[in-house]
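Novice: Sequences listed follow chains A and B, in order.
For the first sequence, the numbering used here gives the first residue as 1, with consecutive numbering after it.
For the second sequence, the numbering used here gives the first residue as 1001, with consecutive numbering after it.
Not one of these hints is a red herring.
According to the in silico footprint, chain A covers these stretches of chain B (three or more CB under 8 Å from chain A):
#1 1011-1020
#2 1061-1071
Sample of chain B residues with no beta-carbon within 12 Å of chain A, all distances over it, derived:
#3 L1006
#4 G1031
#5 I1078
Simulated crosslink set (DSS-like; lysine-lysine; CA at most 27 Å straight-line):
#6 A:K106 - B:K1040
#7 A:K193 - B:K1010
#8 A:K2 - A:K123
#9 B:K1073 - A:K106
#10 A:K193 - B:K1064
#11 B:K1073 - A:K109
#12 A:K109 - B:K1022
#13 A:K109 - B:K1040
#14 B:K1022 - A:K106
#15 A:K109 - B:K1010
#16 B:K1064 - A:K35
#17 A:K106 - B:K1010
#18 B:K1002 - B:K1073
Keep in mind that the hints were calculated from the coordinates and are not lab data.
We put the CB at the ideal spot given by N, CA and C, even for glycine.
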Amino acid sequence: MKFGIVAFPGSNCDFDTFYAFHDVMNQPTVWLWHKDHSLKDVDCVVLPGGFSYGDYLRSGAIARFSPLMQEVLEFAAEGGLVLGICNGFQVLLELGLLPGAMLRNKHLKFLCQFVTIRLENAKTRFTHKGRTGQVLRIPIAHFDGNYFAPPETLEEIEANGQVVFRYTDAEGRLTERANVNGSLHGIAGLTNKNGNVMGMMPHPERAAETLLGSADGRVILESLMSRF
Amino acid sequence: MKVRILVSFKDSVLDPQGQTVKNALHTLGYGAVRDVRQGKVFEIDLAGVSRAEAETIVPEISDKVLANPIIEKFAWQIIEE
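Using the sequences and the hints given, assemble the complete structure.
Specialist: In structure tokens form, the structure reads like this:
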């Protein structure tokens, strides 16, 4: 598997993400610049976290118009794997590759902390190395992670099994308190209908080594690099 | 021609910032404040554009860029001919 890490002006998790795939997981990994017109034959495009274009207008709203995003749209339409982490997730929502939108966190605070999330669907290309119901400890760092979608969209993504992660307590229970940002249905990550595009607010690249406090993010990294 | 575009959350979307402003106003004693919705204002200067053309362009850019139609709505007016 060859991974491509997209760098926008304002990305700040790009080097961590590159390190996680290239150095921790030993995968061929290349940089993709937002102004490029080529995806360099990668098998998986990763949109990292950060504050692309300073989060001007709305998180992810300007990054969506980068030249490279046209290539990403075509790549995703042909079934290519696309992972968006945090700001990358916000970009995927603005691009329309994933349904819904992000609102400001319910308590209007920037949240930078470890959270526990429950794996809801281990039959995806991004999570098949885990098991459904498994609780993962992975950090978040965002201001706009309060997932919103209209009722009919929520119903559809739930019925399709597109919800991949939910914020829960350490025992895997959905509680008001565990849902730190106020996301509808506690949604922390979801895929598109075809299952080849996934966005998640928690940062798996920041939980790739026990030295970092958790290696639970490897479930996602290892799923991506191994045969489905 | 100058237009002013107001982007705000749809009524069905919770606006935590507006709620916080409302609470602050209540604390200050403005009990008459029933609700607050916060939004964004854009003033756009359009060159060589007729009123009819503006009626096409402004909704288009509002839908495509200025607002996210999933959570936001927009209203606009011409403020300078």
